[in-house]
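Participant: The chain contents come next:
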Amino acid sequence: MADVYSWLGRKMFAKKGWRDPLKAPRAVERFRADLREWLQREVAGDVDRLDQAHEEAHQMEVLRKGARAGWLTLLVPTRYGGEFRLMDFFRHGLLKGVVFTEELAAACSGVAVLYGAHTLGLLPLFLSFDPKILKKFLPEVAKSCRGERPGLFAFAITEPSAGSDVEDPEGSKGARLTTFARRKDGGYVLNGRKCFISGGNLAEFVTVFAALDKARGVESWTAFVVRRGTPGFSVGRIEDKMGQRASPAAELIFEDVFVPDDHRVGPEGDGWRLNQQTLDLSRPGVGAIALGAARSAFEKTLAWARGQGHLSDRLWQHELGDIAMKLEAGRTLVWRAAVTFPPDPALSAMSKCFASDVAMEACSRLIDLTAPFGAARPFGLEKAYRDVKLTQIYEGTNQIQRLKIAEPWLADGGGASA
Amino acid sequence: MTQEAVFDEVARSVGQLTRAELPGRLARLDSPASAEAWQDLAPVLARYGLDVRPETRALLAEPRATARILGAVAQECAGVASALWADYAAWLPFLLAGAEGVCESDGGGCPGSVGYMAGGTLRLAREADGWRLSGRIGLAFGASASRELTVYAESESEGAFVRIAMNGAGEPEDNLGLRACRLRPGLEVDHTVVGPKILVQSLDGARVLRRRCESIALGWLATIAAANGRAALRGAQAYAGERYQGGGLLAQNPVIRHLLGSAEMRVEAAACLAEHALEQTESGKLPTLAKVFATQMGEQVCLDAIQCLGGYGYMRDYGLEKRARDAKTLCTLAGSNVHLLAEAGGSAEEVAPRG
Ligand SMILES: Cc1cc2nc3c(=O)[nH]c(=O)nc-3n(C[C@H](O)[C@H](O)[C@H](O)COP(=O)(O)OP(=O)(O)OC[C@H]3O[C@@H](n4cnc5c(N)ncnc54)[C@H](O)[C@@H]3O)c2cc1C
Ligand SMILES: Cc1cc2nc3c(=O)[nH]c(=O)nc-3n(C[C@H](O)[C@H](O)[C@H](O)COP(=O)(O)OP(=O)(O)OC[C@H]3O[C@@H](n4cnc5c(N)ncnc54)[C@H](O)[C@@H]3O)c2cc1C
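Keeping their order, the protein sequence lines are chains A and B. The numbering of the first sequence is this note's numbering, which starts it at 1 and goes up by one. The numbering of the second sequence is this note's numbering, which starts it at 1001 and goes up by one.
Treat the hints with care, as some may be off.
[Unchecked claim] Heads up, simulated EDC-like pairs for lysine to aspartate or glutamate below, C-alpha to C-alpha not over 20 Å straight-line: (1) A:K300 / B:D1174; (2) A:K143 / A:E61; (3) A:K65 / A:D48; (4) A:K300 / B:E1009; (5) A:K65 / A:E140; (6) A:K135 / A:D261.
Just so you know, the hints here were simulated from the structure itself, not pulled from any lab data.
Take the sequences, apply the hints, and build the full model.
Facilitator: This is the structure we're talking about:
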């Protein structure tokens, strides 16, 4: 039977150029192999220390190494000195991105967020489709990546009193915003505060969203790039988090910060669109972070169970089989969202929400299965458990994702019965 | 005063103690330095009668009263409650058997001084000058400061509960949660025990006693898990009453109300089952089911409580992430939930209905 299948595969499908849509193309797999090798060499030994202590210098060191390997310029077009080729994007959409993220997260999800936050900060620039702003910042990012301090981006939408409200269109209508920009000759003056900004304290550039008009709220939202060191811009508290501790979450404070016109991303009032489209693109990546961390926990458990001789036990087989099935279902959804162009907001939300939910369930059950050892630090599962919880919260809580999935159904009058 | 009223009174005064004494110590108890934090906590707990002194022994030998104490402590810190759990479980066989000699041997235990017997059974052999104990203990669990351990050992015709020194146990593991406690792997035992530290019974009698002690310990764990979950839920409810998001207070949002309602249902079901199990400690099955259910529910509720606070729930300052770590670690105590369920499912014993 197997022979018939392989014959059919060779004769019929391969010849006609048929390809399994859920298998990464060879180029992406090669990329994955290189990345794994790099992670093993450059990151694996540092994971514990990154998890234990907040050391900015150490976090920067990991970023510096990655910058040299090209990981911070994957989105920067070749003509500006980066690695991004439009043809690759046409070939496999964001697949390379989610494979990159899953691999990083399998090594350390905090490290995945160090890189992911940079991507998140850059995305609004691309989505503005404004060549001037790309030309202004991207060459500098690419150049800095070859130097001592890579020019990181960060993405700042969340405010102390507006978290879900800056993710959810419905909630945004009554959002209690506190960050505002007002026009001034040659630019804008920013005042306010953002919180939980991943990599905000490490970044050279922060893509900040601010309202121009209190009454119009997010309708007047506009995105700006604020440089580190600009007078009036400072970093407040760095959060002490349950997990993903390699990636700092910072409070950013803006006190009469002047931002020149050419640092505005897209036209005035385009902020909400940029925000939503950025999140649509990045949410499959959050799913990939969750899957990467859970996959690594799964692999550790599998190796241990094999060593202990548990794999011959039918209950072990059943449990591991069930967990593997769910993770694979999550990955399938993440990949589908990643290759859907233009991004489908509901599908992106599903991929983030489902993958993070199954990953959390997986980590929890793997600890149960390996009890009492699984909860001990050296075993490595407890970190995945702490790390994965965050993927159900950021970039829109999983409650907000579920509401997002329902959004298209509200388009024609919502509440009224069909 | 009815027995219930006495239990309520105990729970109330322990609650007062822990609310006064624990919050300021939580951060250190949740750190690798927790053994030092115990040094000054233990006398405080003892001052409030949480050690195993003669006056409190009758109370501690009553599983439901002890459950109230553990529940009240777990409202503040499941780690401290688990350390006391190990302590009480370690004293329990002696208390139930009325083996006052063992209890008197050092005038009652300082809270957190004795760890609970680890998985596995040691060999017991009669010798001219006492009992020889040998074998390997997989894991020892107790307060990070504990130095002794109650273990169980069997010969052909006898079973024994023995308190031994923890010397020689492996380095304590740092754990996901319950970091006020320590898990010490790999303890080789090979020595002769004399005098009052051993309680020897006929094999059948010892096995019945062991089973009963384990059932009670499982019921206690279920109580701790439910109390920890309930405290997390209270935190989330309070937050939902204050946080404005989505056009109103979270407490008015149907999605959050559903989340909180579902969490409350689970916590209360877990607490009921735990109580029910402690009324039936002759049964081995019900306490097992209660432990698995309550620890699973406790974990889910803590994770939901974090979720209710969004990003704030993920931060250490809000205390819920610790509750979730503790809750998950509770799932791993006294047997893996997966295998406990398989074991219970394979047992023909019938669970008696309540009432
Ligand atoms: C470690 C970390 C890193 C982060 N990184 C970044 C970053 O780089 N940039 C950035 O801008 N932000 C970042 N965030 C913010 C993150 O996106 C928000 O925390 C998240 O959107 C939730 O907002 P909140 O924390 O204010 O929770 P809230 O919005 O207050 O939510 C509390 C609870 O209410 C629920 N809820 C809220 N509104 C509704 C509604 N309308 N209907 C139903 N349920 C609702 C939520 O689901 C949640 O359960 C980060 C957060 C964390 C924790
Ligand atoms: C925090 C903590 C507190 C603890 N407290 C106590 C305590 O108070 N009292 C006590 O007795 N023990 C306690 N333990 C130890 C724990 O309950 C046992 O060690 C555990 O049940 C495993 O038994 P073992 O050590 O003999 O290991 P093993 O029997 O070698 O088991 C090791 C692994 O095999 C799995 N396994 C066990 N049985 C089977 C099976 N039939 N089929 C397939 N896989 C199986 C286990 O889940 C585990 O993953 C504690 C453990 C922890 C982590």
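Participant: Quick one: which hint numbers does this structure break? Sort them smallest to largest.
Facilitator: 4
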